[in-house]
Amino acid sequence: MNTWTHWLPKAQLFWLVLVVSAIAAFRASLLTWRPAVILTAAAVSALVLTGFVALLVLYNGLRTGRWNGVRHCLGSVVLSLPPLVFVLILGLQGAKTPPIHDITTDTAMPPHFAKARMLRGPDDNSAEYPGAAVAEQQLAAYSDIVPLETGLPPTEAFAVALSVVDQLQWQRIAHDPGQGRIEAVDRSLFFGFTDDIVIRITADNGGSRIDIRSASRSGVGDLGVNADRIRNFMQTFKENQLD
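So in our numbering, spot 176 of the sequence shown is number 523, and the numbers just go up one at a time.
It is worth saying that the hints were derived from the structure and are not from the lab. Cβ atoms here follow ideal geometry from the backbone N, Cα and C, with glycine treated the same way. Keep in mind that a hint or two might mislead.
To be verified - As a list, the in silico EDC-like pairs of lysine to aspartate or glutamate whose alpha-carbon atoms are at most 16 Å apart:
#: 1; residue 1: Lys462; residue 2: Glu475
#: 2; residue 1: Lys585; residue 2: Glu496
#: 3; residue 1: Lys462; residue 2: Asp533
#: 4; residue 1: Lys443; residue 2: Asp533
#: 5; residue 1: Lys462; residue 2: Asp523
#: 6; residue 1: Lys585; residue 2: Glu503
#: 7; residue 1: Lys585; residue 2: Asp558
What the hints assert, rightly or not - So the derived label-pair ranges between C-beta atoms look like this:
#: 8; residue 1: Glu503; residue 2: Ser376; range: 37 to 43 Å
#: 9; residue 1: Asn587; residue 2: Glu483; range: 31 to 37 Å
#: 10; residue 1: Leu421; residue 2: Glu475; range: 51 to 57 Å
#: 11; residue 1: Val567; residue 2: His353; range: 38 to 44 Å
#: 12; residue 1: Arg519; residue 2: Gly539; range: 26 to 32 Å
#: 13; residue 1: Pro494; residue 2: Asp523; range: 16 to 22 Å
#: 14; residue 1: Thr379; residue 2: Ala442; range: 22 to 28 Å
#: 15; residue 1: Asn579; residue 2: Thr502; range: 22 to 28 Å
#: 16; residue 1: Asn579; residue 2: Ala371; range: 27 to 33 Å
Based on the provided sequences and hints, a complete structural model is requested.
Here is the structure:
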């Protein structure tokens, strides 16, 4: 087996360091999301490709009876498995969700961002709602994302909503009981992507109507994260309402 195989796991460690560095640079605001994502994707692809090369070399060595470097090739193959599984999971999730990143319970008159608008940078996604094309994709994929109607008066509904925001560990950035508005942000665990959330509470038929909008500052698709966030809020609100 080739004597250069000891470079395979070393190369993969380099790619792994590059992934960690890109994520750290994004979290520290040294890179915007586009170059950080491109760098991460390239490094992960190289890591997996190196493992594939190691697998081919291992197969050839075992076929020809050359055993030198087996340990290096096996190590390289093992190192490539976690990122390969991660990529496959992301791919499957992406295939099940539309390429949109702005989800709301009211696609006709979505709650608008005020504070979050000022926090978005020039390289971030626009705070404006994308429009009818995105609304159609959302309605087709997430038909359960609808306004929440409650018998609570707006002041009580606002208090419950504020409590739910804290329970879900979202970071509040603005709230106005008079306007029935709450704005918050939530960050992804792995990459640290920031998503903006706005909650609108209005009087409706003696009770209240609650609309919520969750939109990603970065990326094109969200892998269903924003829809799941809205579902979690609605479910937690209902549970708190019954307490």
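Hint check results:
Annotation: proposed proximity of Lys462 to Glu475 holds, straight-line Cα distance about 13 Å (limit 16 Å). As the CA atoms of Lys585 and Glu496 are separated by approximately 10 Å, the hinted pair is consistent with the 16 Å bound. Restraint check for Lys462 and Asp533: satisfied, since their Cα atoms lie roughly 14 Å apart, inside the 16 Å limit. A hinted pair counts as satisfied when its Cα atoms are at most 16 Å apart, and Lys443 with Asp533 does not qualify at roughly 23 Å.
About 11 Å separates the Cα atoms of Lys462 and Asp523, which keeps this hinted pair within 16 Å; it holds. With a C-alpha separation of about 13 Å, the suggested pair Lys585 and Glu503 falls inside the 16 Å cut-off, and the hint holds. Taking the CA atoms of Lys585 and Asp558, the gap is about 14 Å. The hint holds against a cut of 16 Å. Separated by about 39 Å at the C-beta atoms, Glu503 and Ser376 satisfy the suggested range of 37 to 43 Å.
About 33 Å separates the C-beta atoms of Asn587 and Glu483, a value consistent with the hinted range of 31 to 37 Å. At about 52 Å, the beta-carbon gap between Leu421 and Glu475 stays in the expected band of 51 to 57 Å. A hinted range of 38 to 44 Å for the beta carbons of Val567 and His353 is consistent with their spacing of about 40 Å. With their beta carbons about 19 Å apart, Arg519 and Gly539 fall outside the hinted range of 26 to 32 Å.
Judged by the Cβ atoms, the range 16 to 22 Å given for Pro494 and Asp523 holds: they are separated by roughly 19 Å. Separated by about 27 Å at the C-beta atoms, Thr379 and Ala442 satisfy the suggested range of 22 to 28 Å. For Asn579 and Thr502, the hinted distance range of 22 to 28 Å is satisfied, since their beta carbons lie about 24 Å from each other. The supplied range of 27 to 33 Å is met by Asn579 and Ala371, whose beta-carbon atoms lie about 28 Å from each other.
Going down the numbered hints, you'll see the structure goes against 4 and 12, while the others check out.
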